[in-house]
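Input sequences plus hints: build the corresponding full structure.
Listed in order, the protein sequences are those of chains B and Y.
Per my numbering, residue 1 is the first one in the first sequence, and the count goes up by one each step.
Per my numbering, residue 1 is the first one in the second sequence, and the count goes up by one each step.
In short, the hints are calculated from the structure, not lab data.
Hints should not be assumed to be uniformly reliable.
Stated by the list, open to error - Mimicking SDA-like on lysine to any residue, the simulated pairs with C-alpha atoms at most 20 Å apart in a straight line are:
1) Y:Lys-17 <-> B:Ala-177
2) B:Lys-11 <-> B:Arg-129
3) Y:Lys-21 <-> B:Arg-129
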Amino acid sequence: MGDAVVITSGKGGVGKTTAVANLGTALAAMGRSTVVVDADIGLRNLDVVMGLENRIVYDLVDVIEGYCRPKQALVRDKRVEGLYLLPAAQTRDKTAVTPQQMRALIQKLKEEFEFVLIDSPAGIEHGFRSAVAGADQAIIITTPEIAAVRDADRIIGLLESERLPEPQLLINRIRPAMVRRGDMMDIEDVVEILAIPLLGIIPEDETVVISTNRGEPVVLMSNSRAGRAFRNIACRLLGEEVPVERLQDSPGLLERLRRMVRFHDA
Amino acid sequence: MLDLIARFFGRQSGGSKQLAKERLRLVLVHDRASVSPHFLNMLKADLLQVMNKYLEIDEATTRIMLSRQGNSIALLASIPIKRIRRNLQFPHAQTDG
Ligand SMILES: Nc1ncnc2c1ncn2[C@@H]1O[C@H](COP(=O)(O)OP(=O)(O)OP(=O)(O)O)[C@@H](O)[C@H]1O
Ligand SMILES: [Mg+2]
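Structure (structure tokens):
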């Protein structure tokens, strides 16, 4: 029986879909059969982030309403052995799936896969309850910004009523240079405020945007720092003890030049 | 002068995270208290239970609430006392002998 993990957030746009695509790909690359489930009904996204949008035949709501079997709706990722996507319905609204239906579906997927990663809609809408319904554990993702952390705190409070173990925290889009000059909250700051265990951090990284453009998760790029961060997080999900990366941004020549230019601008 | 140099290097906004942390801390006190509608009621019940050891309280007119005061949040309580109990039992006094 596999493990179902929902990745959720209070605020939108903080990186849930990116995290699900990358952690799913990393887990499969490590030999664990994995299905990523797009539970953001009506706002299908995971398919394009993974580059699988052209091969969708059926979707999650088709499965739930009995138009097809779960296997028929799964899209196999040809790049990585053992990786599948269950796409969201694009034309339906978030009330199309009840928590009970979701729980039954996830249960079925857990019989076939070692990992079921669920991409949830943001916030406290109806779809959120359904997305977390079948999960065995939750990962909360936030950026180090005040509004995102506040909303994360709220979701953590709401999850307390879901009979799940304590959620784990991912902090995304950290900019080491800003942290260093005291203009961005640090990892410790966010962990202290939210008071849940830290699963990992992901730096702000242009390769995320590039990889999304290509439909190819960053974990498949060998020289991406975000990719490395996601691979480490996947290892931790497997129970390995990988230390959280240090915040060393290599300012590099470009950034130093930029600073000099700023100097002359002033 | 040092300030001027710091400004040249774009440091003028440095330290805004402290502000963010402080604002978050305050806003979360309110958020957490209001996410659970039972929070203040449960706190009130527990408070009354403890105070009952010492005081006889008019529970019906007891009020507690959170109040913003400058840059901190205080728990304000108005707890009408009917009577102070006379026969207080001090645990350490009993262990004697
Ligand atoms: N570490 C990162 N570095 C740079 N860009 C990032 C990073 N993480 C996410 N992004 C970008 O942020 C945007 C939002 O990410 P994503 O779609 O994963 O968020 P989401 O939480 O799923 O959003 P929604 O709530 O709308 O579903 C995307 O354009 C993505 O490429
Ligand atoms: Mg998303």
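Hints, verified against the model:
Of the pairs offered as hints, the one joining Lys-17 (chain Y) and Ala-177 (chain B) holds, with about 13 Å between alpha carbons and a cut-off of 20 Å not exceeded. For a cut-off of 20 Å, the pair hint linking Lys-11 (chain B) to Arg-129 (chain B) stands: about 15 Å separates their Cα positions. For the hint pairing Lys-21 (chain Y) with Arg-129 (chain B), the CA-to-CA distance comes to about 29 Å; that exceeds 20 Å, so the pair is violated.
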